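Chains as they are written, first to last, in my numbering: chain A, 1 to 204; chain B, 1 to 505.
Bear in mind the hints are in silico, worked out from the structure with no lab data behind them. On a predicted model such as this, the values are computed, not experimentally measured, just so you know. Cβ atoms here follow ideal geometry from the backbone N, Cα and C, with glycine treated the same way.
Per label pair, the in silico range of CB-to-CB distance:
{"#": "1", "chain 1": "A", "residue 1": "PRO202", "chain 2": "B", "residue 2": "GLY300", "range": "18 to 28 Å"}
{"#": "2", "chain 1": "A", "residue 1": "ARG154", "chain 2": "B", "residue 2": "ARG349", "range": "21 to 31 Å"}
{"#": "3", "chain 1": "B", "residue 1": "ASP357", "chain 2": "A", "residue 2": "PRO67", "range": "33 to 43 Å"}
{"#": "4", "chain 1": "A", "residue 1": "ALA141", "chain 2": "B", "residue 2": "ALA409", "range": "26 to 36 Å"}
{"#": "5", "chain 1": "B", "residue 1": "ALA145", "chain 2": "A", "residue 2": "SER52", "range": "50 to 60 Å"}
{"#": "6", "chain 1": "A", "residue 1": "PHE189", "chain 2": "B", "residue 2": "GLU328", "range": "25 to 35 Å"}
{"#": "7", "chain 1": "A", "residue 1": "ALA201", "chain 2": "B", "residue 2": "ARG406", "range": "20 to 30 Å"}
{"#": "8", "chain 1": "B", "residue 1": "GLU3", "chain 2": "A", "residue 2": "PRO67", "range": "43 to 53 Å"}
{"#": "9", "chain 1": "B", "residue 1": "GLN367", "chain 2": "A", "residue 2": "ALA126", "range": "24 to 34 Å"}
{"#": "10", "chain 1": "B", "residue 1": "GLU109", "chain 2": "A", "residue 2": "ARG84", "range": "48 to 58 Å"}
From the structure, some residues in chain B lie toward chain A, with a derived Cβ separation under 7 Å:
{"#": "11", "residue": "LEU166"}
{"#": "12", "residue": "TYR284"}
{"#": "13", "residue": "LEU336"}
Example chain B residues on the side facing chain A (calculated, C-beta under 7 Å, incomplete):
{"#": "14", "residue": "ASN134"}
{"#": "15", "residue": "ARG135"}
{"#": "16", "residue": "PRO315"}
{"#": "17", "residue": "SER316"}
{"#": "18", "residue": "ALA319"}
{"#": "19", "residue": "SER320"}
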Amino acid sequence: MTLPAGLSRDAGGLPRDVAEPFGRLDRRGFLRFAGLLAGAGVLPAGCGGVPSELNPPGGVDLQVLSPRSYATFQAVAMRCVGPRGAEGIRARRIDPARAADAWVARLPALADPLVQALWVLEWGVAPLLAKWRPFTALDGASQDRVLEDLMRSRLELKRDLFKGLKSLSMLTFYSDPASRAEVGYPGAFDAAGIAAAMTYAPGV
Amino acid sequence: MSESLRCDAVVVGSGAGGAPVAAALAEAGLDVVVLEAGARIETRDFSGEEGEMIARLMTANSARDSGMEVYAGACVGGSTVVNDALCWHPPPEILASWRRDFGLAGLTETAFAPHVDRAWRTVNASPTDREHLNRNAHQLEVGAARLGWSAEAMHRNVRGCANLGLCNLGCPSGAKRSALVSWVPDAEARGARVVPLARADRIEVAGGGVRAVQATRLDPRTRQPVGALRVEAGAVCVAAGVLGTPALLLRSGLGAGTALGRGVQFHSSVYVTARFPEPVFGFYGPTMAYAVTEWSDVNGHRGPGLMLESVTVAPSVTASSLPGFGAEHERVMEALPYLARAVVVLRDRTRGSVAIDRDGAPALSYQPVAEDLARIREAVKQLARLYLAAGATEVYLPVNGIAAVRSEADLAALDAVRFEPRALSLLYAVHLFGGAAMSASRAQGFCDESGRAFDVVGLYVTDAAALPSNTGANPQITIMANALRIAAGIAAARGGRRSDEVSAR
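If we strip away everything but chain B, and leave its shape as in the complex, we get (with noise of 0.2 Å):
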C-alpha cells in the first residue's frame, strides 16, 4: 500500500525536538505532519509494569568500539515519555561557550529567553516541593550537606504529581507533561497530523531544496513494513535524535562537506546504591528530584562539568545495574526498601560520531578519553563519600569485582581497578547531543544558526542533534526552546521573507 500526502513542513519526529516544532508552526497556520516511528501510546496504557513498558517505550543501542550503551523513547513524545521530568535552564555558560567556538553569535540568552519561557509554561516546569521530595531524594540532601556540598531539588514538568515513582515509564497519572500530552496535543489542536508508526528513510532532494520525505509505514505489532507514505512538504524539520537525524541526513546523501556525524557528545552515566539501616522506599516517589551541583556547570558553577542526581530503586532495573551476580547481588537487592540510589551526569570532554551501516541504521563510534573515564572514577568516589557521610551502612559501586564499600578506606579499592567502560557493571548516555550541529563553519557542522541546513534550502535539524555540545544539565529545556527558536525563524520565513522555503498546499 502506498499513500501519499501533501503540507507545508513535514516534521520527523516528535520528541523535544520535534513536537514544539509542530505547535508552533501549526500555531503560526502551517499545514503540518509530523512522521513518528514508535507507536502512540496514551497514558491509559501506561501500566507502570517495568518488563512491558520498557519494551513498548524505549529503544537500544550502543557504540560499536567502547560498548557504551544508549537508549531512548521510541513512541509519540518520544524521550519525553521516558525521561524523568527534569528542567533547567539552558546554562548560559553553555551559550556562551556555542557563540564563541562555533561562531553562533545569535544564540545569546536574551535570543533564547521567549522560547525557554514558552517551554518552561508549556510543560508546567515547576520547583520541587517537600511534598515530592521522596527519602530517596533525601538522602542525597542529608549527605550533601553534612559534606557542605551545593545541592538542590530540580525543577520538573509535573502537574499534580501522585508519587507514584513511575515517571520513566509514561506516567500513569498523566502528571508528567511529557510532549505526549502537551505539545502534541497542542499541534493536533491547531491541525497538525500525527503519524505514527511512519519511520522516515529518506529525504528528496530536488533543485536545492527539499521535495519530500520518504516514510514505511510499520505494522503496531511486528515493527515490519506494511507500506510506503511519501509526504511533500516545502519544509523539512529533522528531530529523530542524535543517531537518527544524522543516519536520516546520511541516508538522503546529504551533508558532503560538512561535519555531518561528527561532534557527538553525551552525558555518561553510573550509578551508585547505597544501603541505610531505615526504610527508604525510594521506588516511590518522582523518579528524579534532587541533586548535588558542588562540580557542575550550572548555577555559576565552574565544573569539572559533574551533576549527582537521585534516582529510582525500581526493582528490574536496580538488579540489572548492580555488580555481580548471585548470593551477594541477591543479598543486595533483598534490601531493596533500604536501598538508595544516584547517577552520575558527566558532561564529557569526548567527542563521537555516527555513521550509517550497509543497512542504513545508525552507527555510533564513541571511546571515552582517559579524562571522562578519570572524572567518573572521581564521581563514583564523591558519591560513596556522600552516601557514608549520609548514613549508609553499604555504598555498591558500579563495578564487577569490588566489594560493598562500608568506609573512606574502601575506596582504594577503586583506584587499583582498570576504568575502563567494559570494566563497570552499566555505563551508558543518558543524554545526547550533536551530530548535525548548528555552526558558523561547515567544518564544525551541518546548519547555521537557525538550524537551516547550509546546502538544501527548507531543511532544518531541530532537535538535540543541532546543539554544538552537552549543557552539563538535563537537556529538554534547551532542545524545547531551540526547536521554538528555529520554528520562529521558519514561520517568519513563511511571513515573506523567505517564502521559497516555505510551500503553500
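Chain A extracted, bound-state conformation (with noise of 0.2 Å):
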C-alpha cells in the first residue's frame, strides 16, 4: 500500500506516529484557526530574544525550517528527551532539528504542517495553549506545563500536536548515533552485542 503523494496530503514515507498527527492538523484547520487568533491580534507579534543555545549553529544552512522553528523544535526536543539528552542538545552533540530539518526537505508533505504547528507552540497563548509568552522563551518547568496541557488536552487536535512533535523530536534524537550510545545502543551490527541477546539459560 503506497499512498500516492500527488494525490493525497498525507506524509508517505513517515513512521505512523509522525506523520499522521501533523497531517490531520493540517487538514482540520486547526492551523487555520490559529492564524485567525494572530490576524486578529490575539497572538504576540514580533520575535523575542531566543536563547543562544536554541540557535542553529553558525555555518548550518536550513533548508525548511525557519532559524525560529528550528529553535522552537529544538526546545520542544530537549523537553522531550530528558535533562540528559537536553545537555547532549545544548551542547550541540545531538542536533535532533537539524535532522528534522533534512526529514522534512526529502518529505515536502510534512514540511509545511511541521512549520505550521511549531508556529502555533512558539506563538499559541492562552486559551489556545497554556502560556502567554514565546514558547522559547518560557522556563523548563513552563514548556513542561505547556507540553502537559497538550498531551492531555480533552482537545484531539492539541493531543494531535504534542503527539507529532513528541515522536519527530524522538525519532530524530534517538536516530542519532550519539544518543544511542547513551542508552546503550552499540548500533546494528555488534557483534559482541548480537552474541549476548542470543545468550541465556534456556530453563523457564
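Assembly of the complex is requested from the two constituent chains, each provided in isolation within its own frame, with the hints serving as guidance.
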C-alpha cells in the first residue's frame, strides 16, 4: 500500500506516529484557527530573544525550518527527551532540529504542517495553549506545563500536536549515534551485543 | 513524457498480494507488468539505520475519526519488506467463518492447501529454533510458562538469519525472504516486468471489461509526477493494499451497488514494555519471534482474539511508543538494554471503511467499538501480569499518565482510565483486511470467491483487501496463498475456459 503523493496531503514515507498528527492538524483547520487568532491580534507579534543555545549553529544551511522554528523544535525536543538528553542538545553533540529539517526537506508533504505546528507552539497563547509568552522564552518547568496540557487535552488536535512533535523529537534524537550510545545501544551490527542477546539459560 | 505498454496481465502492487500473482502468471506463460508506486531498494541499500530506513521504506496514514494509525511498506516488495517475518497457516476457523458468513463455499482448507504449501516453501517459512530466540522472546516464554499460558515460537520466513534485529528495516543480511528477494525475482526470471515509482491512478473499463491501467511515473527523489504510463492489458490484478486497492477502484468509478470500501478490519495493536534486572538486549535478534496464544484464534484456541507477541526494542520506535516525556521517559530509555517489549495483536470486531477524498486519496474511517477497547485493556493487563511473573521490576503501559507498574495491585489504575484511542501513547493497525472483499453477495463484497469483480470482466482483487475479515494471526501467508489461488484461476482462464479475460499480446 502506497499513498500517491500527488493525490494526498498525507505524508508518505514517515512512521505512523510522526506523519499523521501533523497531517490531521493541517486538514482540520486547527492551524487556520491559530492563524485567525494571530490575525485578530490575540497572539503576540514580533520575535522575542531566543536563547542562544537554541539557535542554529553558524554555517548551518537550513532547508525548510526558519531559525525560529529550528529553535522551537530544539526547545521541544530538549523537554521531550529529558534533562541528560537536553544537555547533549545544548552542548551541540546531538542536533534533532537539524535532523528534522533534513527529514522534511525530503518530504515536502510534511514540511508545511511541521512549520505550522512549531509556529503554533511558539506563538500560541491562552486559551489555545497554556502560556502567554513564546515557548522558547519559557523556563523548563513552564515548557513542561505547556506540553502536559497538550498531552492531556480534551481537544484531540492539541493531543495530535503533542504526539507529532514528541514522536519526531524522539525519532530524530534517537536516530543519532551519539544519543544511542548514551542509552546503551551500540548500533546495528555489534557482534558482541548480538551474541549476548542470544545467550541465556533456556530454562523457564 | 508519456509511455505505453501492452501485456497480458498488469498487477498493481508488488507486496504479498501482488508479487506472488506476478510470479504465478508469468510462470503460466503470461506477459506480466507490475506497477509499484514505491521505489526499488535492494538489500545492499538497507543500512540498518532506523531513521533513514523508516523514511525510505514506509508510509503512513490514519483513520480520520479515531486517529488510529496505519503504516505499510512503500517499496518494491511492499509490506513484506518491513514486516517481522512471521508466518501462520490460514486458521481453519477463519476459513470456516468465510464460508459460513460470506457464502464462500470454495474456500476450504483443501482448496488453499497447495497454495499455502507453495507460499510456505517459496518464502522458506520455518520454525524458529532456540538459536534464534533472543532474550526478549525468552522473557515472554518465561512469563507464559509460569502462568500456565499457551505460548510458542513462531515460524519465520528467513534463511540464514544473522540475528541483526533489523527484520522490519528490510533485513540487511538478506535472510528474510520478503517478496523483494523471492516472488519478485521469480517473476522477473520468467519475464515479468516490474516498474517501480509508477503510481496507478485509474483503471480503464470499456464494454464491461478492463482495458488498461493509467499510471503516473514518479521522481525517485521528490516523488513528484514526471510522466504518464498507460499499460494495456486484458487482466488487471489489484493489490495496492487495504487503503490503496479500494481507493484505486473508487477513483476508477467502479463498485456501484457493491460493498466496495466497506467492511475494513484491523488487527489493532499497542505495546507494553517491561524492565528486567538483567540485560535483555532486545534490539538484537529477530524483531518478533514468540507468541502467547492462550487467547488467540489459532491452534484450536477459541479466542477472544488476542495474540501477544515479542517485539523489538529498537531505540527510536521504543522511545516513540513509551508514554509521556521528559525525565521519567528518559529514565526508562536509559535502561534500554534492560527492556523487553511485546505487542498486542487484537482480532478486532470493529468494521471501518475506505472512501476517497476530493483529491482521490484514501480516506479511512475506523472507530473502535467498546468491546475491542475492553479487550485491549484486558490484553495490556495480561501482558503486565506476564512480565511481572517473568521477573520484571517495572512495566510501562501504553497509556499517558499512568505510572510504572510494579505489582499486580498497580494495574487497578488502568480501570480508572477512560480507555479510548487517544488516551493511548500509540494505538495503531498492525494488519489491515477487507474493503474490496470476496463474497457471494454484492451487499457484502466487491468480488466473488475467485477474486473476480462482480461487474467487470478481467478485474481481480488479489491482496488483503479481498479477505472478508481479519484472521487473528500475522497474515502474509494467507494473503500470498489467496493471491496464488486467484492467479491459478486466471491462468486456467487463459487456458481456454475464460479466454475473454486474458488477451493475447
